[in-house]
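Q: In case you want the letters, here they are:
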Amino acid sequence: MATTTATSSPMTPPDQSALLRPKLTVHRVSMVFHRDDNAVPVLDNIELTVADGEFVCLLGPSGCGKSTLLNTMAGFLSPTGGEIRVDNEIVRGPDPRRIFVFQERGVFPWLTVEGNIGFGLAKLSRTERERRIAHYVQMVGLQGFEKAYPSELSGGMKQRLEVARALAVNPDMLFLDEPFGALDSITRLTMRRELLRIWEAERKTVVFVTHDIDEAVQLADRVVVMSARPATIQQIVTIDIPHPRDISSARYLELRDGIFAQIGLAHRI
Amino acid sequence: MKLLVRLRPVVFIAVLLAIWQIAMMRHPGQLLPNPWQVAGGLVDLLHHGLLFKYVVASLYRVTWGFGLAVILAIPLGLAIGWFRRAELAFSPVVEVLRPISPLAWIPIAILWFGVGDLSAIFLIFLGCFFPLLLTSINAVRSIPEVYVNAGRNFGLRPFDLMRRVLYPAIVPQLLIGLRISLGVAWLVVVAAEMIAVNSGLGFLIVDARNAGNRYDLVVAGMVVIGIIGLLLDIAMRSLERAKSFRWSYSED
Chain L
1 MATTTATSSP MTPPDQSALL RPKLTVHRVS MVFHRDDNAV PVLDNIELTV ADGEFVCLLG
61 PSGCGKSTLL NTMAGFLSPT GGEIRVDNEI VRGPDPRRIF VFQERGVFPW LTVEGNIGFG
121 LAKLSRTERE RRIAHYVQMV GLQGFEKAYP SELSGGMKQR LEVARALAVN PDMLFLDEPF
181 GALDSITRLT MRRELLRIWE AERKTVVFVT HDIDEAVQLA DRVVVMSARP ATIQQIVTID
241 IPHPRDISSA RYLELRDGIF AQIGLAHRI
Chain Y
270 MKLLVRLRPV VFIAVLLAIW QIAMMRHPGQ LLPNPWQVAG GLVDLLHHGL LFKYVVASLY
330 RVTWGFGLAV ILAIPLGLAI GWFRRAELAF SPVVEVLRPI SPLAWIPIAI LWFGVGDLSA
390 IFLIFLGCFF PLLLTSINAV RSIPEVYVNA GRNFGLRPFD LMRRVLYPAI VPQLLIGLRI
450 SLGVAWLVVV AAEMIAVNSG LGFLIVDARN AGNRYDLVVA GMVVIGIIGL LLDIAMRSLE
510 RAKSFRWSYS ED
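These protein sequence lines map, in sequence, to chains L and Y.
Here the numbering used here is used: the first residue of the first sequence is 1, the next is one more, and so on.
Here the numbering used here is used: the first residue of the second sequence is 270, the next is one more, and so on.
Simulated from the structure, these hints should not be mistaken for lab results.
Do not take every clue at face value.
To be verified - The following label-pair restraints were derived from C-beta to C-beta distances:
| no. | chain 1 | residue 1 | chain 2 | residue 2 | range |
| --- | --- | --- | --- | --- | --- |
| 1 | Y | 360 | L | 143 | 26 to 32 Å |
| 2 | Y | 508 | L | 148 | 17 to 23 Å |
| 3 | L | 134 | Y | 449 | 38 to 44 Å |
| 4 | L | 144 | Y | 385 | 56 to 62 Å |
| 5 | L | 126 | Y | 273 | 29 to 35 Å |
| 6 | Y | 361 | L | 38 | 28 to 34 Å |
| 7 | L | 33 | Y | 428 | 30 to 36 Å |
The structure displayed is predicted, hence computed values, not measured ones.
Positions of the beta carbon are idealized from the N, C-alpha and C atoms, including for glycine.
Next up, chain Y with everything else stripped away, as it sits in the complex:
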């Protein structure tokens, strides 16, 4: 029984693939490659060593862009959330910059960093930075006062208070913010690679179309993007289950 329940998503995917295959057989044409052609495309990419190379290139950019955003946004968010006056100064700027899609920055990214990794990393950084910053600021403001008072009572100076009380207190909310940001990073990298670089999964998709309408490779690229995005999300969720993070205020 249990095995059947576990197999349910697999069965569902198989059914969808079958419907896709049947539809393509009934209406042959140029609308979409069929599943076999996509699988063939994947094998092609593997053979040429391109799949591995492009996945690594995309992950490399995401790691840097996301990592830089984490390193900068979280401490900055802690400080802004804690010092009320800093928040008054910062928040109008943040509120204006935040709704601008990272993709709108593409021309400026190319102007500043040229065509290459740096541009893509910069765009990913922008996509992650603002959600993380806002998550941190809001999370700091929702910390129960009793933790802050207890920390001050033990004589913590502002820096130690941030490191030992404010930061751990916001970890549950941060994890949610990190998960969302990593999702955004994975969306942005594909878009950035379509324009700003010559490698990666986003480049694969435009390149396959431009270089001879290889739609089997286009869809193969999409499938790989989907699977890796799912794996990244699973990795973030497993972080949420880590023992020292597995608490929240609501338990009291």
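Bound-form chain L, shown alone:
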């Protein structure tokens, strides 16, 4: 398999993405939560580089700490050890250049579709703001719902709305935390295709957290396979299949089965 193995040892050979311009570097990051005088290690010595314009999936079992890692990348949490840099600057807090997409829960229920998409555009002139709102309403297919409130939208529409709100501020990076987890399986497939379409059009750097192996292999340039808590990086798998991906091709199945095996699951139930 054409995989690059990364372990927590400093002897790891540099992974190939570092050859491209690195966008995000995670260096020896650890995270320990303190609960009732107990120290709970969540992240252990994570080392990862994400290249500019790359689509990376963090894959791991529920509760392994992959969301925690994503939250530290986005600046919502400070790691207890190590450092995270974006464009070689240490991350010290959330930043509008890097937008976090929370399932569909993050849309503001007191704003209309237009109000949500325009939320981060307060500094723009009125005409420019309206132009951008119209553009992103179009991009995520919410035409006709501009004046609707989130409570009038379906789960998939709310999800697209949140992605539109994120893209409207023209960020360099998107962090997506199991964004399609709450959707039904058909909507989920459509949303994956939409996300890839948008990503290919705008070439943002994307870090996408999921516990769904198929989802990871369908979307990512590289899949970062994480262990159970405390999370370490078990393996980084490069998905060398061009988009659109044929999910019944031999290569797809080979890569997917490799990850299944890595996580320790047989794929016969």
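We have chain L; now place chain Y onto it with these hints.
A: Relative to the frame of chain L, chain Y by itself:
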């Protein structure tokens, strides 16, 4: 059929009035005026132009007291709820002041503001301020973290975060708090007017008794207070149905 259902409360009120009238006819005396006498009292008040004047006086005081409480308590509550350290400093003071009935402040209100509108407004303000402040503080603390994080992610500074995320996020709870406070304001104004001023519906009630035991006017005043209180509540509830307020977290 529908008309009958709608008429039900009217019919019920008519039945109560009839029972009242019959009871007064069977036991004539000084215990209570009968409905006709009360209606006569209302007409009397209308004739003298007192009803309108007193209603306006009471509403004027409620508007100021309630309005000032809203303007001060909500921003303060947002700030206290948001800055955890401010809350630690404030909450013991709030917890001690809150259970003191606004009526206990009457002597101090008169000492500070004399007999007049200001005293009544001050008492109403006190009655509304603490419930609104506590509603805001608690509502801010119950805002789902994801809204706050999303707001911070778009680069909002604390002031804008309060204005554009925290405040709209607590509007559903605030509306409930506002409705309760306006009810309190309407209770307090009557009590305040009995002591601290010479006009208004509360004054009407004590004055009617003191100036010749006009219990028809006393009950007429009570009826007007009840009806206006109901109208105020209906107005607040219609605010809750406004489209941009008609959401809550539970819908997700």
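Q: Just tell me: holds or violated, for the beta carbon distance of residue 144/L and residue 385/Y against 56 to 62 Å?
A: 58 Å, holds
Q: Look at the Cβ atoms of residue 361/Y and residue 38/L and judge whether their distance stays inside 28 to 34 Å.
A: 31 Å, holds
Q: Please test the hint of 30 to 36 Å on the beta carbon pair from residue 33/L and residue 428/Y.
A: 31 Å, holds
Q: In this structure, is the beta-carbon distance linking residue 360/Y and residue 143/L contained in 26 to 32 Å?
A: Given a distance of about 49 Å, which is not inside 26 to 32 Å, the answer is violated.
Q: Quick check: does the Cβ-Cβ distance between residue 134/L and residue 449/Y fall within 38 to 44 Å?
A: Holds, since residue 134/L and residue 449/Y (Cβ atoms, about 42 Å apart) stay within the stated range.
Q: Taking the Cβ atom of residue 126/L and the Cβ atom of residue 273/Y, is their distance within the range 29 to 35 Å?
A: Given about 54 Å between the Cβ atoms, the range is violated.
Q: Between residue 508/Y and residue 148/L, does the beta-carbon spacing fit 17 to 23 Å?
A: 21 Å, holds
Hint violations for this structure: numbers 1 and 5, all remaining hints satisfied.
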